[in-house]
Amino acid sequence: MNKKIKKLAFRDLKVNKKRNRLTMISILISVFLISMVMNMGVSFYGYMLSEMKISREEVLTIAFGNKVNSLNYKYLTLYTDKDIELVRSAEGVKSATGVKGFGVDSITYDNGKQIITSTLYGIDKSYLDNLGIKISEGKMPQKDEEVLVGNSISKATKLGVGDKIQVTVSGKETDFVISGVIDYQEEQAFNTVPSEINQMIAVNVKSKYVLDSKYGYISAIAKDVNKLSETGENICKKLNTDKDLKNALDGTGISPIVASRKDVKDMLSTWFDYIALFIILLILLIGTIASINIINIFAITIQEKHKDIAVYKIVGASQKQVRLIYVLQSLLLGVKGSVIGTLLGIIFSALVITILQWKNNSNVIIYVLPFVIGIVTAFLAGYLASRKTDKVDVNVLMNE
Amino acid sequence: MIKFNGVSKFFEDGKEKRIIIDNSSIIIPQNKVSGIIGRSGLGKSTVLKMILGLINPDEGTIEVDGQVIDSENAKSMEKLRRVTTGSVFQNFNLINSLTVEENIMLPRFFYENGEVRIKNLLDLLGLPSSILGQSVNTISGGEKQRVAIARALINNPKLLLADEPTGNLDLKNENSVIELFKRINKELDLTILLVTHSKNMALNMDKLYTISDYKLTETEYEADVKVS
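Going line by line, the protein sequences match chains D and U. Per my numbering: the first sequence = residues 1 to 400. Per my numbering: the second sequence = residues 1001 to 1228.
Just chain U, same shape as in the assembly (with noise of 0.2 Å):
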């Protein structure tokens, strides 16, 4: 599903170059729910910007179902944001001024990808339907997540980005969101990739990932793998 073919990425910061990862070529494999972890400042949302087509690497190539990622072609970003991705947040990044069901059908005010399967969706996730009237400033934070979730699934997405998806939330909350990204998972054939430096969530990964010497890795899940 997602392809680092040689992909290394550095900061220049004045005369100082930090290397994020250096010539890294992995592939993370479709319907697996995969976590990159890692403590904080370690590049794993650099590698989810680039996979998100928010920056690109300085050299090699990734690849997302096929396409090439390029930040710098607005078009093939937008069809790929269109038809192939949907994002979610730590902070959710609702629309204040506009309805829960309004946040939730967003994407497709600009695009309609697939058939609306609004009500299949609050199923999925727990939702009440009289939730969808509400005004997104009334509703909790757990609640905020799983209509964020929604929003990213509306248009019917092959892959499922997540950055810190838990890190604004309780623990009880995590723990509803994991088990909500193992149902979507299974229920949708979906490919979920999330960032995250919770332990909880990185043992409820069928595969995970780390930066190690500034690889891009495959890693397994130990006591002693600094997450935070």
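So that you can see chain D by itself, here it is in the shape it has in the complex (with noise of 0.2 Å):
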């Protein structure tokens, strides 16, 4: 590039240093606007990923809803035996276990100190393996009396193995004895893991206090995580064949649904594609912006520049060689603009991200962009601008 031509583009720059400095600054925000919204929306997204990872892909919980959202489930006591045999028996489940539980007037300990929950479950070993879940101290319930506490309940009541718990059911208290704590489940968002499993109190779903009561839900293991829509659909169809389940649920608008961390992740992925959406319509709403702003000043420029262009043109520069001096002007400013407001907007970007503990992004491209869409967007304006010189007339030079 001609070394002379750029001395004259960055020197025609220092003319009109306040309206220069105005149009860096507006790319400055521009690109500023752009480099938050892309790495606060990068970094949204990882956390919200993040907040699924304990739950396990393959495991599949059947409960009741309706069917337009089915991570809008609801726990109802109207699965049996019979419907953890149709789930088992479903193509592509490889196993499954039911979740039992009925509310009980209180819970105590401690001559009458109140624990929170009010729900007594009944679960097997095979629900805990399934959702990837410890027993961090002791052991499953074997007798009728022993029962498996969250870890929350053990820590605010400082319960632990051995300890009794007093239950009562229908105004008669029952003792019952502490055989193990479950391991503490973080807590989140997303999540096809119960999220009372932190506050459980549950017995061994074959001890008898729990044994007339159905089941609440069942657990499935998917053999094939890439079919679990499949899956869920079979399941769903084996249960449609428990007569008294359809009586029951007959005119509710509730019926059997499977919801999967697949479902989640269909779900956040069409959130997730809404938002990427917006987040390219406002880049190209602020890019869009910043440009007419740049065009409008440079158009200015050039007008008051007019004689100038027109000395330019008589001295025999060509249209090309004259463009390129209001082009490099547009570029240099963008490259100042861009620099400044990619550096702010990650800056800024990563003190939100760290105040609001999402993940912080590690994406270079993310960083980068911001910045090019800065370069391009002033290259583009100015070139825009500059073909307006074009049309400058060498005449103004000369008196009539």
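Keep in mind that a hint or two might mislead.
[Claimed, not checked] Calculated pairs, DSS-like style, for lysine-lysine (alpha carbon to alpha carbon, straight line, at most 25 Å):
| id | chain 1 | residue 1 | chain 2 | residue 2 |
| --- | --- | --- | --- | --- |
| 1 | U | K1075 | D | K320 |
| 2 | D | K3 | U | K1075 |
| 3 | D | K388 | U | K1049 |
| 4 | D | K7 | U | K1119 |
| 5 | D | K155 | D | K125 |
| 6 | U | K1049 | D | K307 |
| 7 | D | K237 | D | K94 |
| 8 | U | K1079 | D | K388 |
| 9 | D | K3 | U | K1079 |
| 10 | D | K243 | D | K214 |
| 11 | U | K1079 | D | K6 |
| 12 | D | K206 | D | K94 |
| 13 | D | K388 | U | K1075 |
| 14 | U | K1182 | U | K1158 |
| 15 | D | K391 | U | K1075 |
| 16 | D | K391 | U | K1079 |
| 17 | D | K237 | D | K82 |
| 18 | U | K1079 | D | K4 |
| 19 | D | K143 | D | K172 |
| 20 | D | K3 | U | K1119 |
| 21 | D | K307 | U | K1079 |
| 22 | D | K307 | U | K1075 |
Derived by calculation from the structure, the hints in this document are not laboratory data.
Both chains are given apart, each in its own frame, so use the hints to dock them into the complex.
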């Protein structure tokens, strides 16, 4: 590139310092906004994905709900052993186990101190194994009056293996001994693992106390994580053959539904597609506004400089060379604005991400892309504005 | 050097047609200082604009150093302005953001034709070398015109065109510019064509032309030639 034309371009920039500074600031702000939006968007996505890490992909939760939103499910004590067998027989299911539960009057310890939960669950070991949950102390209840307690209950009450709790049902109080404590499960925004696991108090599913209860939901393991939807459909088809279940649900608008981590991922994916689309539109909008701003400012500058431009032409400058002067000016302002805007965007988004405890973005492209967008926008805007120089009439140099 | 072949030019003002020149054929010779003289509004500047390639004649052609002038052919006009012609204007038209040296060298920012001989030019034009680093806003009108002339000559053109070059100068500076043109013509073997309504300039031309009865014709300076 001609050094002299560069010199001419940058010397000319010094004449309108205030206006050029404003142009640079507008690029800076645009790039800053784009950098913030991209960094925070990617960080938020990473944070959401990390929230799903505990739940295993192959786990299916079979509960009840409407088919519109499979993640908005509820537990209804309607499933029986027969339904568990139907689920086990569905194509694609590796194993299945049920979770029982019924409401009690109260659960207390240490002479009347209240424990917050009012549901007594009935589970078996395979349920914990399916979810990858360990027993941190003690063991699975073997006897009717033995219970497993969730980690939060144990910490709050300082109860451990061997300690007693009292469960009151229909006015009758019964002592239960803690046989084990369930490992703490991290609270997550989206989880097919029941959120009540940390506050769970559960007897063995074969305990007499839950023998007559039905299952609130069924937990199953799929054979193939790539066929979760098909397996879910197979399970629902099998459950629909249970006439008693069907009759119980008739007219309620509710049916058996299968929720999986894939559903969560698909839902998140759909949300993020919309968010990504919104971010792209926002970036386009910011870029367009910045471009229009730069084009207008350069159009004014070219209008003011029409005599200088006429001089360039009369001394032999080509159209391309004259345009180059203004493209170089817009590029220089673009580089300055983009560098500062990108740095500020990275710093501020890192600050916000740290405060919100989201995942830090490690993708270099996300850091570099706003800078590139800034440069390209400035270049295109400068190029479009520079075409106005073609119309400058050299006749202005001559007196009539 | 400059050949007019049946050139006509008119302007349309609503329904009226204003003729500037009509079917003029003339040759302006090489290596002379020539002037187009006449009162204001005669069309002298229009003739110069056609030679500069700013506008096209409505009929006929104009050739400069064998090249046919076509104002709509941007490439050929670029070539003309880079290699063949240098231009000087009444208002100097210097670039305020550049120094004197940068203004002189401006044509060479875009195209370099032949060797640079800035020192020779400064000597020829009577400009001190200390002026080179100054801003054009700090020099006098006479110096500005010399700088403009230096700019027009820096790329070694064959033809120097000047539009009322002394229009903004006092008599003393006008006389020194006249001497300058003569010196340039002699030392650089340069063809000079200028447009003027100054009697003083007209008296010092090798050749004089005017527009009479819409014809561009050679003339002799006479005391009663209306130049203003």
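Checked hints:
At most 25 Å may separate the alpha-carbon atoms for a hinted pair to count; K1075 of chain U and K320 of chain D meet this at roughly 11 Å. Our distance criterion of 25 Å between C-alpha atoms is met by K3 of chain D and K1075 of chain U, whose separation comes to about 22 Å. Under the criterion of a C-alpha separation no larger than 25 Å, the hint pairing K388 of chain D with K1049 of chain U is consistent with the structure, at around 22 Å. Of the supplied pair hints, the one linking K7 of chain D and K1119 of chain U holds, its CA atoms being roughly 22 Å apart against a limit of 25 Å.
For the proposed pair K155 of chain D and K125 of chain D, the alpha carbon gap of about 22 Å is at most 25 Å, so the pair holds. A threshold of 25 Å between alpha carbons decides the hint, and for K1049 of chain U with K307 of chain D the separation of about 16 Å falls inside it, so the pair holds. For the hint pairing K237 of chain D with K94 of chain D, the CA-to-CA distance comes to about 17 Å; that is within 25 Å, so the pair holds. Proposed proximity of K1079 of chain U and K388 of chain D is supported: the alpha carbons are some 22 Å apart, at most 25 Å.
Of the pairs offered as hints, the one joining K3 of chain D and K1079 of chain U holds, with about 21 Å between alpha carbons and a cut-off of 25 Å not exceeded. Restraint check for K243 of chain D and K214 of chain D: the C-alpha separation of about 16 Å stays at or below 25 Å, so the hint holds. For the proposed pair K1079 of chain U and K6 of chain D, the alpha carbon gap of about 22 Å is at most 25 Å, so the pair holds. For the given pair, K206 of chain D sits about 22 Å from K94 of chain D by alpha-carbon distance, which is consistent with the 25 Å threshold.
Of the supplied pair hints, the one linking K388 of chain D and K1075 of chain U holds, its CA atoms being roughly 18 Å apart against a limit of 25 Å. In summary, the hint linking K1182 of chain U to K1158 of chain U is supported, as the alpha carbons are separated by about 15 Å, within the 25 Å threshold. Using a Cα cut-off of 25 Å, the hinted pair K391 of chain D and K1075 of chain U holds, with the two alpha carbons roughly 15 Å apart. The suggested pairing of K391 of chain D with K1079 of chain U holds, with an alpha-carbon distance near 19 Å, which does not exceed 25 Å.
For the hint pairing K237 of chain D with K82 of chain D, the CA-to-CA distance comes to about 14 Å; that is within 25 Å, so the pair holds. Restraint check for K1079 of chain U and K4 of chain D: the C-alpha separation of about 19 Å stays at or below 25 Å, so the hint holds. About 19 Å separates the Cα atoms of K143 of chain D and K172 of chain D, which keeps this hinted pair within 25 Å; it holds. A distance of roughly 22 Å separates the Cα atoms of K3 of chain D and K1119 of chain U; the hinted pair therefore holds under the 25 Å criterion.
Between K307 of chain D and K1079 of chain U, the direct Cα distance comes to roughly 21 Å. Compliance with the 25 Å bound is thereby established for this hinted pair. Among the hinted pairs, K307 of chain D with K1075 of chain U is consistent with the structure: their alpha-carbon atoms are about 21 Å apart, no more than 25 Å.
Figure legend: structure checked against the earlier numbered hints; every hint is met.
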